[in-house]
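Enquirer: Sequence:
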Amino acid sequence: MPSSLSSVAAFTASVGGCPRETAKADVEQEWQLALPAAYRKRYQQRRPDRRGRPRGRGGLLMTSRRTSGGCSVFLQLCVGGAGALYPGLLYNSFAYGSGFLSYPPLFDLIVCSALLKKNYGKNDQSMICQKACSLNRVKFVKASGGLCLLGIEAASCDATDGILCDIGMPVQHLGVRYNCRVFCLNRKILAIRPKLHLADDGNYRETRWFTTWKRRNETEDHTLCRGLAEVTGQDKVPFGQTAVSALDALVAGETCEELWTPDSPHIGQALAGVDIIGNGSGSHHQLRKLDTRLNYMISATAKCGGVYVYSNQRGCDGGRLYYDGCALIVVNGDVVAQAAQFSLADVEVITATVNLEDVRSYRASVSSRMEQASGARRLPTVEAPSFCLGTPGANYVTHPPTLPQALKIHSPQEECVLGPACWLWDYLRRSGSAGFFLPLSGGADSSSVAAIVGVMCGLAIETAAAEKAELSGMDDDAKRKSKEGVAGVGSVSNEVRRLMGLKEGEKVPSSPRDLANCVLHTCFMGTENSSNATRARASALADQIGAYHSNIVIDTAVAAVVGVFRTLTGKTPRFLSRGGTSAEDLALQNIQARLRMVMAYLLAQLLPWVRGRQGFLLVLGSANVDEALRGYMTKYDCSSADLNPIGGISKVDLKKLLEWVARERGYTALADIAAAPPTAELRPLAEGAGEADEHSQVDEEDMGMTYEELSHFGRLRKVARCGPVSMFQNLLSAWRHLSPQEIASKVKRFFIFYSVNRHKMTTLTPSYHAEEYSPDDNRFDLRPFLYPTRWPRQFAVIDSMLKGLPSGRVDGKEA
8 MPSSLSSVAA
18 FTASVGGCPR
28 ETAKADVEQE
38 WQLALPAAYR
48 KRYQQRRPDR
58 RGRPRGRGGL
68 LMTSRRTSGG
78 CSVFLQLCVG
88 GAGALYPGLL
98 YNSFAYGSGF
108 LSYPPLFDLI
118 VCSALLKKNY
128 GKNDQSMICQ
138 KACSLNRVKF
148 VKASGGLCLL
158 GIEAASCDAT
168 DGILCDIGMP
178 VQHLGVRYNC
188 RVFCLNRKIL
198 AIRPKLHLAD
208 DGNYRETRWF
218 TTWKRRNETE
228 DHTLCRGLAE
238 VTGQDKVPFG
248 QTAVSALDAL
258 VAGETCEELW
268 TPDSPHIGQA
278 LAGVDIIGNG
288 SGSHHQLRKL
298 DTRLNYMISA
308 TAKCGGVYVY
318 SNQRGCDGGR
328 LYYDGCALIV
338 VNGDVVAQAA
348 QFSLADVEVI
358 TATVNLEDVR
368 SYRASVSSRM
378 EQASGARRLP
388 TVEAPSFCLG
398 TPGANYVTHP
408 PTLPQALKIH
418 SPQEECVLGP
428 ACWLWDYLRR
438 SGSAGFFLPL
448 SGGADSSSVA
458 AIVGVMCGLA
468 IETAAAEKAE
478 LSGMDDDAKR
488 KSKEGVAGVG
498 SVSNEVRRLM
508 GLKEGEKVPS
518 SPRDLANCVL
528 HTCFMGTENS
538 SNATRARASA
548 LADQIGAYHS
558 NIVIDTAVAA
568 VVGVFRTLTG
578 KTPRFLSRGG
588 TSAEDLALQN
598 IQARLRMVMA
608 YLLAQLLPWV
618 RGRQGFLLVL
628 GSANVDEALR
638 GYMTKYDCSS
648 ADLNPIGGIS
658 KVDLKKLLEW
668 VARERGYTAL
678 ADIAAAPPTA
688 ELRPLAEGAG
698 EADEHSQVDE
708 EDMGMTYEEL
718 SHFGRLRKVA
728 RCGPVSMFQN
738 LLSAWRHLSP
748 QEIASKVKRF
758 FIFYSVNRHK
768 MTTLTPSYHA
778 EEYSPDDNRF
788 DLRPFLYPTR
798 WPRQFAVIDS
808 MLKGLPSGRV
818 DGKEA
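Reading the sequence shown from the start, the letters are residues 8 to 822 in the working numbering.
All clues given are correct.
As a list, the in silico PhoX-like pairs of lysine-lysine whose alpha-carbon atoms are at most 20 angstroms apart: (1) K725 to K296; (2) K663 to K296; (3) K755 to K810.
Label pairs and their in silico Cβ distance ranges: (4) N597 to A678: 30 to 40 angstroms; (5) L789 to V605: 26 to 36 angstroms; (6) A678 to L583: 30 to 40 angstroms; (7) Y403 to R505: 45 to 55 angstroms; (8) L609 to E469: 31 to 41 angstroms; (9) E469 to G815: 54 to 64 angstroms; (10) R384 to L789: 31 to 41 angstroms; (11) R790 to V705: 26 to 36 angstroms; (12) A803 to Q412: 55 to 65 angstroms; (13) A472 to Q412: 21 to 31 angstroms; (14) S479 to K310: 44 to 54 angstroms.
It should be emphasised that the hints constitute simulated quantities derived from the structure, not laboratory data. Beta carbons: idealized from backbone N, C-alpha and C, even for Gly.
Given these sequences and hints, build the entire structure.
Expert: In structure tokens form, the structure reads like this:
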């Protein structure tokens with residue numbers, strides 16, 4: 008009887024480039040580039056034979072890692088691409104694109120992420136792609152064993168012979184389009200498994216493109232097109248909810264959203280005896296979301312036992328979302344391997360040795376589970392002829408199973424930094440821009456954006472150094488291929504050289520400051536209302552990051568606009584503190600704010616020319632999610648930009664971000680910025696204030712509420728789906744330090760300004776999605792932009808409720 012000890016591996020890859028023609032020798036070289044250094048030498052010593060089988064005793068390729076028996080699992084994490092999208096292109100899961108590569112048959116099962124193509128976010132570009140992506144329009148590359156795009160040519164390659172491949176792709180069956188997992192083995196399709204539950208909330212609109220498979224535990228025949236039938240030698244393949252039966256294990260899969268549903272397929276699969284469950288996912292980042300994701304996988308295998316192999320995309324998908332990777336291998340409720348959540352690297356491999364007998368023993372130890380399993384509905388199975396997931400002969404001495412490891416979970420402040428930093432890098436390199444321009448005011452918001460770019464530069468330099476180490480020991484041909492970004496090796500280094508204007512082969516600097524000086528351009532745009540304190544903070548931070556920084560005064564431009572108005576009307580507006588009205592005061596503030604936006608785009612266009620460089624700069628915005636929710640920003644001011652890395656992050660988290668970066672990255676100026684009260688500095692300084700004094704205009708006083716209160720309002724509005732009345736009721740128990748009358752006043756004030764300023768959401772700068780209460784109405788928070796601003800009925804109900812409530816604090820203490 009074969010042993011059940013097995014080697015499990017996970018592969019993380021980023022789709023960064025276009026498909027290209029690849030010769031067989033190139034593919035083989037790409038394998039070596041993708042392999043970890045420890046495995047590359049063994050691969051070169053034991054090259055596979057013409058059938059793709061490793062030479063030598065027992066078919067071993069990695070003699071120290073390839074185990075006997077059980078199931079060797081190879082998980083590929085495929086990252087959605089950004090930048091230019093290619094209509095009709097469905098990416099091959101094995102090679103033929105930058106960073107999209109396969110190993111030789113070191114493993115027996117490959118699990119790819121959901122929908123192996125660019126732009127997973129399912130917007131209208133996806134629809135263009137879908138028209139060319141039904142299975143009948145896609146062909147096998149001869150002798151590759153993988154699915155490849157019709158029209159992308161590749162030489163004959165037996166890369167996946169002997170490997171069970173689980174690939175995500177759209178399939179049109181009997182005139183209905185499904186999101187499917189396609190199981191392939193030895194250049195044949197074993198089965199097509201359609202998705203049972205679709206994601207249709209938050210940022211997802213999956214039902215626009217796909218239909219759920221409603222015939223549970225049933226299969227039917229799917230007829231292949233003639234071209235595909237000629238390559239595979241098959242006319243029909245099973246289509247439906249099924250599992251693949253190898254000689255020593257059952258393998259099945261689910262897709263993305265199905266993990267999150269109450270009636271998850273993995274429960275029925277585990278009760279039906281499936282040993283290994285793969286999940287090809289496309290789950291985007293959101294603060295604290297990974298905790299939930301981990302809990303679901305740990306809970307799934309803790310209750311039912313089994314091996315859960317999770318693959319997720321990583322990177323910017325061409326929109327507001329960042330897919331945060333973190334491939335996982337979970338066994339019986341224990342995480343035995345975990346990939347990085349945030350990284351610029353295109354390729355990442357995690358491995359673990361698993362004993363399937365541990366799974367069977369675990370399941371048999373729970374009587375209630377066996378009782379349920381005995382009555383569970385059986386899954387239809389598809390035989391994998393003569394295919395064994397393991398190799399006989401392994402034991403606990405030569406191949407000890409991987410022990411459970413401590414979970415690597417980032418704190419919210421780390422997520423606030425690392426996620427947007429990786430998102431900005433993807434946007435920067437794929438847009439082809441020369442860098443960023445940021446109006447740096449010295450406040451918490453713009454300083455957070457500057458800090459994120461500084462961290463991005465640090466990640467790029469660290470990754471480039473790792474790539475250099477990876478290239479050491481390679482032959483000249485391998486180094487030549489790295490210049491093309493093959494297997495992702497050298498891709499970050501090459502991009503750093505482009506951004507810094509270095510020639511091919513020139514050494515990449517070791518200091519993030521050098522890269523920041525080329526990439527990040529900042530400017531303090533002061534007026535007579537600006538304080539020296541904020542000017543000094545902005546300069547200090549820019550110096551610590553290494554940014555190309557400028558200080559300018561825009562009073563001349565402000566005076567020119569006021570002069571034009573005076574010529575037109577004969578009147579001169581004044582600030583409220585100087586005898587003007589509220590309308591005059593607000594208009595004068597908005598002139599300053601909007602002129603900063605105009606200057607930002609002028610400088611972004613011309614600063615590369617000033618510095619003798621080519622290209623253009625992307626303008627970064629710096630409005631946080633709370634300000635957008637409240638509407639506390641000028642329409643078409645510096646909040647209007649090309650993209651905004653903090654637009655989905657709350658002020659509370661941003662302050663923690665500043666403190667974390669100050670501590671971990673040495674940007675000490677951020678500590679002073681975090682401690683300073685937020686101020687717009689658009690009104691005159693208080694009478695008698697010195698040049699070094701803080702400004703008297705404070706954001707929270709202007710808004711009539713604190714940022715912590717705004718964060719609470721935002722969660723109740725979006726997450727708890729509260730209107731004015733239900734929000735008031737919730738806050739009566741949450742804010743017991745306030746009187747009901749004070750709570751009612753704050754709730755009314757919030758909804759008045761929320762409705763008055765809702766129109767600003769229609770022009771909101773594309774922002775990194777991070778918070779579950781984001782008001783971004785592009786696709787996440789689809790609401791009217793015209794509301795009744797007086798809320799007469801709701802406010803009347805609140806007033807009637809107040810009559811029956813005490814006037815003091817709810818907790819009974821004195822104010």
